[in-house]
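**Q** These protein sequences, in sequence, are chains A and B.
Numbering-wise, this note's numbering puts 37 at position 37 of the first sequence, and it's gapless, one number per residue.
Count along the second sequence starting at 1, add 151, and that's the number in this note's numbering.
The hints are simulated quantities; they were obtained by calculation from the structure and are not laboratory data.
Please read all numbers here as calculations on a predicted model, not as lab measurements.
Where a beta carbon is used, it is the ideal one built from N, C-alpha and C, also for glycine.
One or more of the hints may lead you astray.
What the hints assert, rightly or not - Covered stretches of chain B, going by a simulated chain A footprint (3 or more residues, C-beta under 8 Å):
id	region
1	184-192
2	251-260
Stated by the list, open to error - Some chain B residues judged to face chain A by a derived CB distance under 8 Å, without partners named:
id	residue
3	Leu156
4	Lys157
5	Cys181
6	Asn197
7	Phe199
8	Leu267
As the list claims (entries may be wrong) - Below, in silico cross-link-like pairs of lysine-lysine (DSS-like), each with a Cα-Cα straight-line distance of 25 Å or less:
id	chain 1	residue 1	chain 2	residue 2
9	A	Lys68	B	Lys159
10	A	Lys70	B	Lys171
11	A	Lys70	A	Lys118
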Amino acid sequence: MDYMNQCYTPKHETMKHSYNKHVGSWAGAWTWREKLSRRDKGDDWKIQFVGTSNEAAIAKEFEVLSSKWKAETSGLSNMLHITRNDNYLDIIGMGDKVVPLILKDLMKSPHHWFIALKAITKENPIANAHIGNVRKMSDDWLQWGKKKRLI
Amino acid sequence: MYDALKKKLCPQLSAQNSLKTSDPTLDYNCLAWAIGRTDVWMDIPNYFQPFLNLEPSTLDHSAKGYASLLETEFGFVECDSSNMEDGHQKVALYEKDGDWTHIAVQLAGGKWSSKLGGLEDITHDSVDVLAGGQYGHAVIFMKRPSN
Chain A
1 MDYMNQCYTP KHETMKHSYN KHVGSWAGAW TWREKLSRRD KGDDWKIQFV GTSNEAAIAK
61 EFEVLSSKWK AETSGLSNML HITRNDNYLD IIGMGDKVVP LILKDLMKSP HHWFIALKAI
121 TKENPIANAH IGNVRKMSDD WLQWGKKKRL I
Chain B
152 MYDALKKKLC PQLSAQNSLK TSDPTLDYNC LAWAIGRTDV WMDIPNYFQP FLNLEPSTLD
212 HSAKGYASLL ETEFGFVECD SSNMEDGHQK VALYEKDGDW THIAVQLAGG KWSSKLGGLE
272 DITHDSVDVL AGGQYGHAVI FMKRPSN
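For reference, chain A alone in the conformation it holds in the complex (with noise of 0.2 Å):
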């Protein structure tokens, strides 16, 4: 998507100061969670960057979400309840370009990325026999993420 020379500009100061402290510069990355919020609600919104898209913005925004997700669903084991967390659907919601991120993530240690890379990438490279196997799971993405050159 080409982001350069749109104008963004907010109708309240208080959902300049949300972005802007949510992703650190709110002529910085655009996301499509931030997006879709604006097209939900309607507003005729019209959306500026000063340069292109931000990576290091996008990596933040990942970071940020990615902590918070694992901090509010360390103790549980219903996979519903991990999943359907407000910080992971953001994550998938952020789409392709976060696959790399994740994939980083789980090169650091295994976790439950594995419904969120199904859903961003519609594809399933984990084996029948793995099913279960957190690290086996997490392997099997990996290797995908290197034939992809993802990773």
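Using the hints, position chain B against chain A.
**A** Same frame as chain A, now just chain B:
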């Protein structure tokens, strides 16, 4: 932050009524721990081989739904209480807002053992020690003959 997380998870949990028995790990969850496995994270429908064959539209995510799976797959039957019974292993299923949340398994001496999601295993004095937070309350007890 870690203590604050556990406080939200189980407000009544304390050093006086529980003892940590492992390090945190995502290798297994409470359901796997309850049936004696530490190599798999078990849940419906996509996290355990036998559960893959379940028809998604029939999946019941309540404690009763999980009780049914424990009966058909692992030989547990519902019973009246958490009291120890000779020759039997007991489990307690927790529920909150209509969803199954946790399962604890009774130890030989009468205390209970739980894997707290991706956190550590603990032993705890009673099923009520884990009640009141994100796990809700123990609503179903089940038993099966001890090995």
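**Q** Hints numbered earlier in the text: which of these fail when held up against the supplied structure?
**A** Going through the list in order, the structure violates no hint and respects every one.
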